[in-house]
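Chemist: Got chain A sorted already, so can you dock chain B onto it with the hints?
Number of protein chains: 2
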Amino acid sequence: MNTEFLKKAEEAKPRLTNKSHSLKSERILGENESVVYDFGMHLVGYAKLYCSAVGAHYDAPALIKVRFCETAQELDEDTSAYNGWISKGWLQEEIIRLNELPCKYAFNRRFAFRYIKVEVIATSPKFKLRVDKIAVKSVTSAPEKIAVCGRNKLEKAIDEVALKTLSECMQYEFEDGPKRDMRLWLGDLRLQALTNYQTYRHNDLVKRCLYLFAATADENGNISQCVFTKPEVAPDDTSMFDYSLLFVPTLYDYYMTTGDRQTVNELLPLAEKQIELARKQFDGNAIRDCDRLGWCFLDWSLELNKQAGAQAVYIYAEKALVRLLKELNKECGEYESDVGLKSVKAIERFYDKTQGLFVSGERSQISYATNVWFVLAEVFSSQENASLLERLKNCKSAIKPVTPYMMHHYVQALINSGLSDTGRKVMCDYWGGMVEKGADTFWELYNPENPNESPYGGRAVNSYCHAWSCTPSYFLRKYFAEG
Amino acid sequence: MNTEFLKKAEEAKPRLTNKSHSLKSERILGENESVVYDFGMHLVGYAKLYCSAVGAHYDAPALIKVRFCETAQELDEDTSAYNGWISKGWLQEEIIRLNELPCKYAFNRRFAFRYIKVEVIATSPKFKLRVDKIAVKSVTSAPEKIAVCGRNKLEKAIDEVALKTLSECMQYEFEDGPKRDMRLWLGDLRLQALTNYQTYRHNDLVKRCLYLFAATADENGNISQCVFTKPEVAPDDTSMFDYSLLFVPTLYDYYMTTGDRQTVNELLPLAEKQIELARKQFDGNAIRDCDRLGWCFLDWSLELNKQAGAQAVYIYAEKALVRLLKELNKECGEYESDVGLKSVKAIERFYDKTQGLFVSGERSQISYATNVWFVLAEVFSSQENASLLERLKNCKSAIKPVTPYMMHHYVQALINSGLSDTGRKVMCDYWGGMVEKGADTFWELYNPENPNESPYGGRAVNSYCHAWSCTPSYFLRKYFAEG
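One line per chain: the protein sequences are A and B, in this order. The opening position of the first sequence corresponds to residue 241 in my numbering, with each subsequent residue numbered one higher. The opening position of the second sequence corresponds to residue 241 in my numbering, with each subsequent residue numbered one higher.
Treat the hints as calculated values from the structure; they're not laboratory data. Just to be clear, a hint being listed does not mean it is correct.
Remember, identical chains collapse to one label, so a pair may be satisfied in a single copy or spanning two.
[What the hints assert, rightly or not] Calculated cross-link-like contacts (lysine to any residue; reagent style SDA-like; alpha-carbon spacing at most 20 Å):
# : residue 1 : residue 2
1 : K247      : Y345
2 : K396      : E512
3 : K368      : A474
4 : K368      : L341
For reference, chain A alone in the conformation it holds in the complex (with noise of 0.2 Å):
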């Protein structure tokens, strides 16, 4: 552990402010009846619930069931099925006794819901439950409001509801989600530092982020996929490739950002030993096939072969490392020769001439995730990128984007080859859908052609404020803001 850097971050440690909500009712619960409070719209806070007796004194405790739900499909959930490799212990709901009435219940966990539903397990033959109130404290670390933006409503909807997942995931880190994992992930991040950059501007946070990352890599500077913050601050014990080399592009992002020199020449050396970890992977110029879930993320996709994208993402943050050194007036000579090997290199072995696509792995499978990448390491130039994302889009058998976070390096991909106008309305599409669908905040995991999907084995424990789906706030201002 560094603790220097560690110092840094817990200097950027930000204050979380308070808004109180609460609802009222008159309703009495006899057993195994129940009663759903809707806040009106997505919370991450702290619960209270007030209780009373009703009937004759109170003579055994009161048994009753909450669950924290953030959208109203997951009050149907039945959550007792789910069995899915993710932990139950993510499941927003505790069973409680009530040893005395009337009472007030403080919950110890913080939740991420808009439903409240209290079903009666058990009282007695003599007395009823009244939920007199649920008050609720919600927190966050982003500032209190930001115009929405948009040309029609559709495009404002879609604002609003990103603004509202960036903030509820703004915490004293970024967190991937506020119902789950609750946690900094370095891809998260990423994106969500983007946004914020166009939004709340709350720089000192992503500062606090990139520390916490630096602070936890390990004996080789390998930064790890995630970051736990409590107990105390330690890394995952895991990493994966493209996660740990996206260090370099969130780098020169906040340093376009803020010109904070100091925190970027500090960090610079570790974005430096990301590429040459990542290196270690190359089996003479292209990279080692691998398909092992966790090696390299890119998407959510079981089916997914990783071996081009693996490629396309070094190239994309060694040519992000290159720009940063110009940018600080370094040497850079012997990554802009090894971005250019590898992109030829890349091109030799994973393009495929007829088809004009990008291909990955020993069956040669086309994806957008591979080719997407290889648009946002931009091997080729903007204009043929274009003519290959219409063939991407024309072919039938590319594996599709299964989360926001795949779909954002679409949208970018679109925008960066031209195609701005595409890339707009894959977005309204695609968010649009989720808004639809009456989304509060997005969802972690969105394919309209199947929206119960879960990679998890079972829905119950997705998340439906995940912080890798606010990007729409990014776009609309960074390139949309004119028309």
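Modeler: Frame of chain A, contents of chain B only:
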């Protein structure tokens, strides 16, 4: 509410003494694994769990189920199958989420237990859970130690268990049971007080409980079956014929033990009131026939006809009042003549000369409850009662006692009829049966012929440390000390 009486009750409120117990462990638990901690004795108190994650950094809350069991048998109960009419709220189990690890989790409820079972429902593929320590602060208002008595190993064992039973039920009040209902009931109080006078001699606690009942008598002076003390002192909305009447002998016993004339003078009018109110249940000189559960307790048997037994309790209580008035040199002629008449009429109405036993209700039901209470009411001579009890023993159709409460009265009846040896044997067989089955404290219910019996629709809510079962320590000292 009589605030003067309430004040007296609060002045006599005891301090609780604490004792610390703790068990350490090195057991590491994965999903669906569990561990049982055995404290080696029954405890009433507050538990804290100290847990850590083992493996990679914990990346999800751990979800665990914790069960507190009074007996080893309870550990095997399937509590989820319990669906009886006593609230599930009494089940001593909690499903809790450990959001941060390592952690100290303090249960907000007092439990009664010897065993704690911790079962892991969910961690994550990355970590397992270790319960490092369970710390318990046990509480009681009973003084530390009483020397065990008894003429042999079994009697000593019975006495030890009975003393423990009473001390576990001595909290801010005499509770009926520390698992359930944790509450002051009049029928239980009377037996606890009798045993307390022979053992812990915490007479102020009896005084407090008498004042609590007196303070919460209704506007007609009727004393409730039980008193709530949380969130504030309040009577139950129900009274039972026998329990209200038993206020009289409880007060008499208190006076004979303490000589506390002031308390007795203050509470005497209320004792007389119970007799006066009970008289309204008479139809001529025999009590109304009524089988309704709750009207009169006698024993935890749904088939029991309560008519004759209720009249016997009335006579028993009125005789206690007469004795008390005589002790106080007060006028008692009216009660003496009433109790004489009610006794004569009871014999006319309920005594079946052919069988030589008391019968109850339209179907002339024979039960231990009816006959034992007539013995205790002394409507016949001691010699006649001895014969009656002999006939009762030989009557195969007689409904037997279900609870240690009724069994206490049977043993007392035997002793009062000069059948001490039989009484002692009955006590050793019955309470010894529980000891043999491993009881650390005596149970609320014990039917040697059906140890799994529960009047609640499921054994899971049975209380295994119940005040009304503590009287062997009273018998052993008051009647059996010399042999």
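Chemist: Each hint should be assessed against the structure and marked as holding or not.
Modeler: So, going through the hints one by one against the coordinates:
Taking CA atoms no more than 20 Å apart as the test, K247 paired with Y345 passes in neither setting, with 37 Å inside one copy and 30 Å between copies. Taking identical chains as interchangeable, the C-alpha atoms of K396 and E512 are never at most 20 Å apart, the minima being 40 Å within one chain and 79 Å between chains. Proximity of K368 and A474 under a CA criterion of 20 Å is satisfied inter-copy only: 18 Å between copies versus 47 Å inside one chain copy. In this assembly of identical chains, the alpha carbons of K368 and L341 lie at most 20 Å apart only when taken from the same copy (11 Å versus 36 Å across copies).
Checked against the numbered hints given earlier, this structure breaks hints 1 and 2; the rest are met.
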